[in-house]
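Visitor: Below, each chain spelled out in residue letters.
Number of protein chains: 4
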Amino acid sequence: MIAVLKEGTTQAQMDHLVSWLKHMNLDVHISKGAEVTILGLIGDTSRVDIDLLKSLDMVETVKRVSEPFKQANRKFHPRDTIVEIGNVRIGSGYFAMIAGPCSVESEEQIIEVAMAVKASGANILRGGAFKPRTSPYAFQGMKGAGIELLLEAKKATGLPIVTEIMNISTLDLFADVDIIQVGARNMQNFDLLKELGKTKKPILLKRGLANTLQELLMSAEYIMSEGNEQIILCERGIRTFETATRNTLDLSAVSVLHNLSHLPVVVDPSHATGKASLVPPMAYAATAAGADGLMIEVHNNPACALCDGAQSLTPHQFDEVSHRVQRIREVIA
Amino acid sequence: MIAVLKEGTTQAQMDHLVSWLKHMNLDVHISKGAEVTILGLIGDTSRVDIDLLKSLDMVETVKRVSEPFKQANRKFHPRDTIVEIGNVRIGSGYFAMIAGPCSVESEEQIIEVAMAVKASGANILRGGAFKPRTSPYAFQGMKGAGIELLLEAKKATGLPIVTEIMNISTLDLFADVDIIQVGARNMQNFDLLKELGKTKKPILLKRGLANTLQELLMSAEYIMSEGNEQIILCERGIRTFETATRNTLDLSAVSVLHNLSHLPVVVDPSHATGKASLVPPMAYAATAAGADGLMIEVHNNPACALCDGAQSLTPHQFDEVSHRVQRIREVIA
Amino acid sequence: MIAVLKEGTTQAQMDHLVSWLKHMNLDVHISKGAEVTILGLIGDTSRVDIDLLKSLDMVETVKRVSEPFKQANRKFHPRDTIVEIGNVRIGSGYFAMIAGPCSVESEEQIIEVAMAVKASGANILRGGAFKPRTSPYAFQGMKGAGIELLLEAKKATGLPIVTEIMNISTLDLFADVDIIQVGARNMQNFDLLKELGKTKKPILLKRGLANTLQELLMSAEYIMSEGNEQIILCERGIRTFETATRNTLDLSAVSVLHNLSHLPVVVDPSHATGKASLVPPMAYAATAAGADGLMIEVHNNPACALCDGAQSLTPHQFDEVSHRVQRIREVIA
Amino acid sequence: MIAVLKEGTTQAQMDHLVSWLKHMNLDVHISKGAEVTILGLIGDTSRVDIDLLKSLDMVETVKRVSEPFKQANRKFHPRDTIVEIGNVRIGSGYFAMIAGPCSVESEEQIIEVAMAVKASGANILRGGAFKPRTSPYAFQGMKGAGIELLLEAKKATGLPIVTEIMNISTLDLFADVDIIQVGARNMQNFDLLKELGKTKKPILLKRGLANTLQELLMSAEYIMSEGNEQIILCERGIRTFETATRNTLDLSAVSVLHNLSHLPVVVDPSHATGKASLVPPMAYAATAAGADGLMIEVHNNPACALCDGAQSLTPHQFDEVSHRVQRIREVIA
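Residue numbers (the numbering used here), protein chains in the order written: chain A, 57 to 389; chain B, 57 to 389; chain C, 57 to 389; chain D, 57 to 389.
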């Protein structure tokens, strides 16, 4: 970490600062220039509050040289992490094709969709049981009963399942869930992250709507710092001024995260775009960008003709997406 | 709510949609134009999933006419809500001057600051006990012991206290806290909001870093829908591309929220700007914009000369801010 | 266009509004509901100032049903526009592989790069002669002399050329340029757009750093309204809070623009990311997302080893990108 | 400027870089640490392309210590600039109350408004003659004839006038205009800025919709680098995800700009919010934040009852705003 001091900083002020930094077990390397003085801070700077340092009157600017995350950092763990769920692997060339309905609605629905997506190449089943909704009046999911139905579908198809947790007090219900999802709105629910770090479950961690990639990795670090290293990062769109899509899918995130971290990265084009017609092109784009997997909503509700056109694909549409994704993977391999 | 159907929608498709909407207990008023057909949805549309409706192939666009929040809505509750904490009132002309240190550090510190800010006109004491930190390696606050010290300061000064909750499992520790704060990162932790709705405590609800004002009101609605109507909204800056300040304080939020809702609105210039020198002008601006209160960080640490210049004001600086704020209030009254 | 009037609007106010709208040659269809009154405006609403309408006290909300752009609108021009430059076509399955250096520096440089990228499959040569720079002290390009060198490279290779205009007073220098580029910072330089609309040159129009896709199409409309329909739209990244990349490449823009408009869409991954290592994955992703072309910076400067690693690819790297792009095009065809 | 080199950079690579930097007339101070090497670049770094430097493979990070703007920089010009227009001064305690209609419409209109706002304390008259409009089909202003009418109003009232230029080819029409405005969309129309730098006219430079404050100052620098130092900066709202207001007024900009630069800063609450009811509170807030002036739309059109409620204030509303603004100025003086 480098701190640049302002012109006019007195020796006494600088001594104060240096002694304070040394109290944090940092070595301080001082380089006095004509106009500015540069302090190089050496040691474990992940504990230094960069905002506090920046806010000091004598400090012109502060710049981290090393990232504040350690366990998630590729520098200290050069080989790709491979998350394993039974026979399914994610990362380092292993691809997760996660598909299923937005919400679990009935046994018939979830089993039918599960069988369809499995036949088309999905290797993990998704389905919402606890649903975070902006409005308290909206449907909040089938909750525990929804997880039961997912487990039925798992039994019927052999597909491992992923579903979202909103509250650590419900953890017991997730005992047989294969991957626990942390939603965008909980990406910085630090207490939830710490508790999930104490489990041995793989965690699918979604990027918050307005979080930087470094913050996503710091949230992964919260989980890892408690001992759980089985983390799958998920890009799902960020909030911008553009209104033509629900969110703006940031596909550069895939490469940036691969450069910074060893953790696998999957992309959710369904939530990001909010429109079924945009899901296939964004699924192809995410694959071409090097994603380690996709998370795609698929429904199967012949009784509800209305739902055609929603952000979910039909099993037939998913089948085509799945096959083209496979061919794109071959091109970029 | 108005839904505009695309040109070329068949009668059968429209019938399907209308029958689905009627199942949700809505009346549907159909207006056929030359190019488009407009459906007016009448009834309780707060339960309608606008995103689902928008995503239907036959739907060109959907527009809410009435807001999705009800209990927080000024239309149904024209008079200002006044939140009462002992002798202190907030809203409708009553002003909350909330001041105190970022984090509670020691009994001496918190009592000294509390006495100083009280002498300068503060009527509520703030202080962080549970600290949400981006890094798991950063200081996470004194937790329960911090709340104990706040209660000591309350006893010494008579000031009611506000402090942040991060996890509903710690609620017991807040039994004597006067106002419970929900931080920006938990604004959409819906399970936490629901549980706080079951308490009788006033809640200070901070706007998320990238949340719209309507979303802030929907989060207030979560709390209110469980029976707790004592809510103070707090603007604390949003995330933009600008890097000269930590966040961009959105002062238009004050008037917009006052127009949409009857709840009081306070502003936190300390977190928004991250720099002490920007706190006074933004405190004056927030007051002039019509805020019902301010939340300002004040420290008192003569032993740590380093801290001068951080985002906290000294008691002396706060004293001047407090007096000018009072004079600006008189101008805009 | 639909305008929803507030509850409590008087008949006299509404009559005023309706007569004002009729003065703009619009038919007004009035639908009175229990709580709101809806006005359907029929006719050429592209001339209606939606902001003014929204700002009226009696108006609750206004919503466009038809887009404000006409000539760029796919609804009125369902078939893809194909821009033709000599033998090169762009759009509707024809792919533009545009490559070349950021800035033209010397005859040797531009001809060498042009020959290299042509050999790798590029069909259009790019090179900056007029350079928009944030700082007045930065190199502003070779200007007219740079265009001369591009024309030399065109003669040597047969590749058509594209280069940026910053000021209509320099139009004469572009007489033999094949495609004139309008940069992101000039996307809403409306006087420049109008003048370019009077030429017969194909225009490559880049999206502004914080412009919506509708605004991009309105800027295309400015050019088209003067008679020039040869427009290529270009996505080059938007500004967000993320700092890991220079801008956030919005690849959903490709499909959204294809849905709204008949104009071809190319993507510039070099400027968006600002880092050579991110260019190949984003070039693949853009292709998989359905782009009609790519615009990639390639340099060839063996004397300046420093430049390795900048946002430009080497000819060797470009060769690999070009071939994989071709294979991805086959997969999504 | 500081450049941090990556671990593993070879001596040969570093020598290359250092020699390249020295060619730009910079001194390079090398500080080798255990893990990183830091280069301190001393000299005129305003010509260094920071993006190019950052993009080099061997470079971990680059940080400017000194700002890239010089003539606009308070460090080199500690005293406030006071812009003088006849008897009117702006900056360093002198306040500009700029008021007038959005667009000039008729002689009667502009003179009536001018007399009204003068009576209420305005000291500069605004009015749009050339109007930048998103749509080519919208009214583009009265152009030259509008400037003639502004000059009539100036003659009638003695108020100096400010109006927007969109195209340098119209400069002759501005011969008697007192202040030339550069609109948000032209903030980075660098050729226009350079030409305005060659005039002796005061320039009111509006911040672009998605530009940083540093970029605003760099655009001021473009004008100043050609010899014109009479610049008034204007904050008018930035684009964010919030939809309740047209833009988000960034009032921290006032203090940040005052810290970085000696140029006066005015605020335009009318365009930022787009709603008359938000103009008074934001005008008060801007004043309390320390602005050197306000720019407020005022109309006077008794024949058009429709316009009540638009973003413009009536003369009566403006009168109240003007008086309260004066009182707030006294509080913060």
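Among the hints, erroneous ones may be present.
To be verified - Once the Cα atoms are required to be at most 30 Å apart in a straight line, the calculated DSSO-like pairs of lysine-lysine come out as:
| hint | chain 1 | residue 1 | chain 2 | residue 2 |
| --- | --- | --- | --- | --- |
| 1 | C | K131 | B | K131 |
| 2 | C | K250 | D | K110 |
| 3 | C | K199 | D | K110 |
| 4 | A | K250 | B | K254 |
| 5 | A | K250 | B | K257 |
| 6 | D | K256 | D | K210 |
| 7 | C | K62 | B | K88 |
| 8 | D | K210 | C | K199 |
| 9 | C | K131 | B | K62 |
| 10 | B | K88 | C | K88 |
| 11 | D | K78 | C | K199 |
| 12 | A | K78 | D | K88 |
| 13 | B | K210 | B | K257 |
| 14 | D | K199 | C | K250 |
| 15 | B | K78 | C | K88 |
No lab work stands behind these hints, which were simulated from the structure alone.
Visitor: All the hints need checking, so say for each whether the structure fits it.
Guide: Okay, the hints, checked on the actual structure:
For a cut-off of 30 Å, the pair hint linking K131/C to K131/B is broken: about 40 Å separates their Cα positions. Taking the CA atoms of K250/C and K110/D, the gap is near 37 Å; set against the 30 Å cutoff, the hint is violated. With a C-alpha separation of about 26 Å, the suggested pair K199/C and K110/D falls inside the 30 Å cut-off, and the hint holds. Taken as a hint, the K250/A and K254/B pair is honoured in the structure, with Cα atoms around 26 Å apart against an allowance of 30 Å.
Note on K250/A and K257/B: the hinted pairing holds, with a Cα-Cα distance of about 27 Å set against a maximum of 30 Å. For the hint pairing K256/D with K210/D, the CA-to-CA distance comes to about 20 Å; that is within 30 Å, so the pair holds. Proximity of K62/C to K88/B is assessed by CA-CA distance (about 22 Å); at most 30 Å being required, the pair is judged to hold. A C-alpha spacing of about 41 Å is found between K210/D and K199/C, which places the hinted pair above 30 Å, so the restraint is violated.
Between K131/C and K62/B the CA atoms are separated by roughly 12 Å; this keeps the pair inside 30 Å, and the hint holds. Distance hint between K88/B and K88/C is fulfilled; the C-alpha atoms sit about 14 Å from each other, no more than 30 Å. Note on K78/D and K199/C: the hinted pairing holds, with a Cα-Cα distance of about 26 Å set against a maximum of 30 Å. Simply put, K78/A and K88/D have alpha-carbon atoms about 20 Å apart, close enough for the 30 Å limit, and the pair holds.
For the suggested pair K210/B and K257/B, the alpha carbons sit about 17 Å apart, so the restraint of at most 30 Å is met. Our distance criterion of 30 Å between C-alpha atoms is met by K199/D and K250/C, whose separation comes to about 15 Å. Taken as a hint, the K78/B and K88/C pair is honoured in the structure, with Cα atoms around 20 Å apart against an allowance of 30 Å.
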